[in-house]
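Asker: Using the hints provided, position chain B relative to the given structure of chain A.
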Amino acid sequence: MSNESKVKIALVVNGELTEVAFAPHKTLLEVLREDLSLTGTKHGCELGECGTCTVLLDGTPVLSCLALGLACAGHSVRTVEAMAQGGKLHPLQETFADLGAAQCGYCTPAFLLAAEALLASNPKPTRAEIKDALAGNLCRCTGYIKIYEAVELAAERMNGRV
Amino acid sequence: MAEYRVIGKALRKVDAVAKVTGTTRFADDLAFPRMLYCKLLRSTEPHARLVSIDTAAAASLEGVHAILTGRDLPIPFGILPVSQDEHTLCVDKVRFIGDPVAAVAATSEEVATAALDLIKVVYEPLKSIASAEEAVAHPEPRIHDYGDGGNLHKLIDLEFGDADAGIAAGDIVREDLFFFEGSTHLPMEQHAAVAMWSPDGKLTLWTSTQTPHYVHRAVAKVLELAPARIRVIATPNGGGFGGKSDPFNHEIAVAKLAMLTGRPVKITLTREEVFYCHRGRHPTLMWVRTGVKRDGSITGMHFRSLLDGGAYGSYGVASTYYTGALQTVTYHVPRYHFQGARAFTNKAPCGPKRGHGTPQPRFAVEVHLDKIAEQLAIDPAELRLKTLVPPNSLTANYLRVGSMGLGTCIAKVIEGSDWKRKFHKLPEGRGVGLACSSYISGAGLPIYWNNMPHSGVQLKCDRGGGVTVFCGSTEIGQGSDSILAYIVAEVLGVDPFDVAVVTADTDLTPVDLGSYSSRVTLMSGNAALQAAERARQILALHAGRKLDVPVERLTFAGGRVFDSQDRKRGTSFAEAVQWAEAAEGTVGTVGSYTPPQSAGKYRGAGVGPSPAYSYSACVAEVDVDPETGIVRVPTIWIAHDVGRSINSASVIGQVEGSIYMGLGEALMEEMAYRGDLKVVHKIPSLLEYKSPTTLEMCDVITYLVEDPDPNGPFGAKEVGQGPLLPVMPAVANAVYDAVGVRIDEVPITPEKVLKALKRKQKGESPRYGPEQFPDIPWPEPIRVPTPWEGGDGKAVTTAPLSVERPH
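For the record, the sequence lines run as chains A and B. First residue of the first sequence: 1, per our numbering; consecutive thereafter. First residue of the second sequence: 1, per our numbering; consecutive thereafter.
This is chain A alone, in the form it adopts within the complex (with noise of 0.2 Å):
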């Protein structure tokens, strides 16, 4: 409720070291939109069906409606608004606006975020493995193939080919 006292934690956001107090209950997702206004950050059913509100944890992609803000203290964050760096935008998200990746822009941050983890794992992905890796994150616009097509130019450019 209301009148519940606020929790402190420390955490890293971006990079940044956080301090941010917020009711106890409240998920990473409220965290991150609610209290440090970072709203790049979206969801769909806070219910961890569609994965829109996938950021990375650790570096790991994790559906910030269902991970406690509290559980969040001393790691590491790292939503859409740090994907471009000195006003120029990421390898990943030049290639998202080009090819059309992106048409409502509601799932993007988070197949971008996931798509980030999966290249840094995994530099030079087959189409399946892309599949595989963005298969719990739902768009109802583009049917996936663009996002499928920059991905792979993405990976292709990071890794210098192109």
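Hint data in this document are derived by calculation from the structure and do not stem from the laboratory. Incorrect hints may appear among the rest.
[Claimed, not checked] Here are the simulated lysine to aspartate or glutamate pairs, EDC-like style, with alpha carbons at most 20 Å apart:
#1 B:Lys420 x B:Glu374
#2 B:Lys690 x A:Glu46
#3 A:Lys131 x B:Asp699
#4 A:Lys6 x B:Glu110
Remember, it's a predicted structure, so these values are computed and weren't measured experimentally.
Answerer: Just chain B now, kept in the frame of chain A:
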């Protein structure tokens, strides 16, 4: 083909960077100081009288600022003038599980939710109606006290020529029954809205709507405010697909709560609540009888549909007409009889979903034709090619077909899929199926009758060289903001990323009716084209004088205005604006678009006409596992006649997205209800409502057919909806080719395939599908002679016309 610099190119969308950086502000991303949170209490009864609502305990909860019940907002609303049958909160009775009965504004969502638990509602249950057939059988108790009798909301009977005689003239007459299960849009973004009331009497509403103009009207009506005092801003929609096209109760509730509290009020629906908003595909039972000559030409068709409308009208009257309207625009049907009925049931209301009322009959007609082709021993592609509607012609029901690229589409997918080597020739368990379709590029008539434009644009040229386009059109991911920028950039010769786009704000932008019926590229595109051409005229006049070049020799390209015969003789676009501004003041123009007059003059002729029809042909290849009944679709080939693509990447994206959504409807998506009464949603969640993931999605091979239509901007027709339509029948036809069973019902689930396979093994009819169409008290038909039988588009009054009973 004209050389374009922008049109047709695979450019980034103007909002692409915002989308990939997460900076697009969706409705739930908005937050304001002192903002309150709204929650709705929803009915737990499918059909009941509201005896009492006690909000006293909830009101005394710390943090609760206001509570509304139905009596606070007695004025009804609805998207169509003929079915103003919704209330913000139920007044006298509830009509489905999920119907809202009270709204709370509190300092947090948690407090608001706790307050809902304290509201005591006493219901007096009424018999509930779970299906259209049940609604036909049980006229009482009535769910609504209006409509065409009992629980039938709408009855339509239209006959174009003597259809029975036409059918009888066929060498064969075939009759089939089909059922199309309901499905929902499932946008990834849950609906959200924020309202703010200012003490100067001005209301601002941000909402994830596809139709800010209609929300504007509904809010003004229910809250009895002057429209001039209401500003509706459609936030970018995180997916719409038709599900955000109605004005919604939650939008009006937060507006009223903001007025009462003087504080900003936000609501974000839960995923469960999105299933209750619904307005998705109508579950539709269909019966079709067609007469066909041995050569494949159709002599007549009689089509019946029965739609399960759910608890409210929504777009349902239009949806019902659409189940009959477009059968005639693909294949030549010389005589045509359509009977459609929509029933009220105690389930979430149905409405417009991608393809609006036409995917169901398209499924029926395309599987029906597949059966006819088999009966006549004609290749299904050949059959279709023989019966195509000619371009620039009028159909039996007075729809004006312009450009018509279906023949080319069929040829493309037949060749691409290697159809001739596959059809009937693949090993058991694998098959191919063909289906075609057509869709409107916007409706010919507005929802409420008037003579005003359907889309308006204002355009401002800045002396710095920038251009700003203002238009009421609403970006829902389909790329409508980008279309405006590309068209203006093409005409004025500037970089599309130097064009600022301001859209979907009733204070700032001229009306565009909304993002529905695939109307935006054609209509707002034409309005933008007109505004840009007018601006170009002004700029050319003054540039021509300054440069001493005849106006007709001026070219606008690459950010310059120059003599096409001497490229060095020119100036920058910015300086051209400065010259014009110095000569005649601020450079601003307007453009607008009104569709051409419809040819049909009979009652009901308003649904179906469009400035242009898109065409699609589709081949699906399937693998059917006879042990499990599971259907897998490795590849779909799709050719789409888009007239002209404004952005080829966006067009292909729309095609692929349509195929994806069609595949979901073909194989798994269903708005299923459970419980003894079959009125409880089968767990309204993204897990239980199955939709394709990356693992189910097929490969898509897309062919764009560009046959420019004179009514489209640069020849463009629609693409956002049409390519979905042929997917379901193509998959069904492929399943038949693979294992010899007819699944005359979507979704084609493993259970249905196994049941049909069992029947086949036992030597019974190898089919799964509906067995009968109920008796409906059809009205006397409205008889309209066809154009080739001396008709002028008007009905002949041999019988008294049934008069619409307005609410």
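Asker: Take the hints in turn and mark each one as holding or not.
Answerer: To see whether the hints hold, each was checked on the structure:
no. : hint                : in the structure
1   : B:Lys420 x B:Glu374 : holds, 15 Å
2   : B:Lys690 x A:Glu46  : holds, 17 Å
3   : A:Lys131 x B:Asp699 : holds, 12 Å
4   : A:Lys6 x B:Glu110   : holds, 15 Å
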